[in-house]
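Dock chain B against the given chain A, drawing on the hints supplied.
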Amino acid sequence: MPVTFQVGIDLGTSRSTITTSTGQRFTTATCVGYCKDVIARKRFGRDYLLGEEAVANRLALNMVWPLADGVVCEDDSAMEATRLVLQHLLEQVLPGRQPDDQVYAAIGVPAQASLRSKKVIVQIARPLVDKLLIVSEAFAVAYALDRFDECLIVDIGAGTTDLCRMHGAFAEEDDQITLTEAGNYLDQILHDAILQQYPDVQLSARIVRTIKEKYGYISDTAEPVTVQLTRQGIPSEYDLAEALQHSCLQLAQPISRAIQTLVGSFDPDFQEALRHNIIIAGGGSRLQGIDKAIEKSLEAYGGGRAVCVDDAEFCGSTGTLKLCADMPDDYWEQL
Amino acid sequence: MLPSVIISKGLLVAAAGSWLTSGALLMLVHQRLSLLNKRQAQQIEQLQQHQQTLEEHLVALRRQAAPPVIQATTVSQEQTVIQQIPAAKDTKGAFLQDLLNSNLKLQQDIEHL
Numbered sequence: 001m002p003v004t005f006q007v008g009i010d011l012g013t014s015r016s017t018i019t020t021s022t023g024q025r026f027t028t029a030t031c032v033g034y035c036k037d038v039i040a041r042k043r044f045g046r047d048y049l050l051g052e053e054a055v056a057n058r059l060a061l062n063m064v065w066p067l068a069d070g071v072v073c074e075d076d077s078a079m080e081a082t083r084l085v086l087q088h089l090l091e092q093v094l095p096g097r098q099p100d101d102q103v104y105a106a107i108g109v110p111a112q113a114s115l116r117s118k119k120v121i122v123q124i125a126r127p128l129v130d131k132l133l134i135v136s137e138a139f140a141v142a143y144a145l146d147r148f149d150e151c152l153i154v155d156i157g158a159g160t161t162d163l164c165r166m167h168g169a170f171a172e173e174d175d176q177i178t179l180t181e182a183g184n185y186l187d188q189i190l191h192d193a194i195l196q197q198y199p200d201v202q203l204s205a206r207i208v209r210t211i212k213e214k215y216g217y218i219s220d221t222a223e224p225v226t227v228q229l230t231r232q233g234i235p236s237e238y239d240l241a242e243a244l245q246h247s248c249l250q251l252a253q254p255i256s257r258a259i260q261t262l263v264g265s266f267d268p269d270f271q272e273a274l275r276h277n278i279i280i281a282g283g284g285s286r287l288q289g290i291d292k293a294i295e296k297s298l299e300a301y302g303g304g305r306a307v308c309v310d311d312a313e314f315c316g317s318t319g320t321l322k323l324c325a326d327m328p329d330d331y332w333e334q335l
Numbered sequence: 001m002l003p004s005v006i007i008s009k010g011l012l013v014a015a016a017g018s019w020l021t022s023g024a025l026l027m028l029v030h031q032r033l034s035l036l037n038k039r040q041a042q043q044i045e046q047l048q049q050h051q052q053t054l055e056e057h058l059v060a061l062r063r064q065a066a067p068p069v070i071q072a073t074t075v076s077q078e079q080t081v082i083q084q085i086p087a088a089k090d091t092k093g094a095f096l097q098d099l100l101n102s103n104l105k106l107q108q109d110i111e112h113l
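Here the protein sequences come in this chain order: A and B.
One point on numbering: in the numbering used here, the residue at position 185 of the first sequence is 185, and numbering is uninterrupted.
One point on numbering: in the numbering used here, the residue at position 102 of the second sequence is 102, and numbering is uninterrupted.
Okay, chain A solo, but in the shape it has when bound:
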């Protein structure tokens, strides 16, 4: 007998996650690595590797990260890579899927993704699922948390930071802002700040990301952060406290400005409530002390209170799954 599966998907620039109505969930790096040559193909026994496996063997592969700024790049290789990632996600969580089974999916997109970007995602996903719903990522987070009252969702991803103002009604375009200052932006400014302080140290994107995730925001009173880096292959210890503090505040400032834009254009009776109910989600919420950095940055606008979600990894896909599950059958029929 055919079964209908509901799946929530958060297609991210760095990582993608999927959660299903059967209780399965899976996360992977949003990338595809194509074998560079015959030797690599012979070694892996395939033309391409996906996710973490591709990242681990990247020296032998041509890596494609198909999403930039939260949306699929509009070229054939990116579209094909996105299709492979989506297919990989579905295969991992629905291994026993039969041809007659139905898959109803909701996919999260950046709050202000263009119509063209949404069209690309629909084109890629349609052949893989039977019904498709496109949802704002930040709204999905609010739905996952059942937060429909006055609050402000700040979903910090790798490519974009999405802000969504909730006020008990469906979030319209005016209630949402998408910033390109996100995880990758922080990596870049941290990379530059370290090199400015220690010009000869050797850094890679992976090293910078590890430092960022391990230490995060350093407050004014913090002790020195000593990290081992190499200089011409010779390891030494370097103090990165200043670079980390400076970089995290650089990320927090545009986010605070965007928060203030949404607060300032809101009903004055509820502005205070909004400013004191900031919920930080996405991979960026795992950055240690990001809530404190945003609160510090908000001091210039009258202060505020921010908290991070508990399940940063799956919060978005849980929200899209909840939307799928709550959607009545007759609504699905119309799609």
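These aren't lab readings, by the way, just hints derived from the structure by calculation.
Backbone N, C-alpha and C define an ideal beta-carbon position, used for all residues, glycine too.
Errors might be hidden in some of the hints.
To be clear about the criterion: a stretch of chain A counts as covered by chain B if any three or more of its residues have a C-beta under 8 Å from a C-beta of chain B, and this derived list gives those stretches [unchecked claim]: (1) 59-66; (2) 109-122; (3) 178-192.
Some chain B residues close to chain A (C-beta under 7 Å, calculated; not the full set) [stated by the list, open to error]: (4) 19; (5) 20; (6) 22; (7) 26; (8) 100; (9) 105; (10) 109; (11) 110; (12) 111.
Okay, derived cross-link-like pairs now, DMTMM-like style, lysine to aspartate or glutamate, Cα gap no bigger than 20 Å in a straight line [stated by the list, open to error]: (13) A:131 x B:45; (14) A:296 x A:181; (15) A:322 x B:98; (16) B:105 x A:239; (17) B:105 x A:329; (18) B:92 x A:333; (19) B:92 x A:330; (20) B:105 x A:333; (21) B:105 x A:173; (22) B:92 x A:150; (23) A:214 x A:291; (24) A:131 x B:109; (25) B:92 x A:329; (26) A:119 x B:109; (27) A:131 x A:149; (28) B:105 x A:330; (29) B:105 x A:130; (30) B:92 x A:326; (31) B:92 x A:237; (32) A:322 x A:149; (33) A:119 x B:111; (34) B:92 x A:149; (35) A:214 x A:242; (36) B:92 x A:172; (37) B:92 x A:130; (38) A:131 x A:91; (39) A:131 x B:98; (40) A:214 x A:237.
Frame of chain A; chain B shown alone:
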């Protein structure tokens, strides 16, 4: 022979005058008191009418302003919780309806792109 009291005319006149004056004063006081009572009774009646009108207004205003609040205070906590569940569903229902509409519009826009 009956004993007689010799009273001067002046004293008689004074006594008669005093009696008349007292009587007149009593009459006057009685009239004034009656008038005051009558006025007070009228005022009390007016105040009672005012009070009745205000009470009617107050009841009407309470009914207009918050009938559910008045009702909610009369139900138990368990009943109140049960009553809130359909309200939450309605909020989600409105979200889902809006989401459906936005996706239907997206489909149309993509077709026209």
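Against the structure shown, which of the earlier numbered hints fail to hold, in ascending order? Going through the list in order, the structure violates hints 1, 3, 4, 5, 6, 7, 9, 12, 13, 16, 27, 31, 37 and respects the others.
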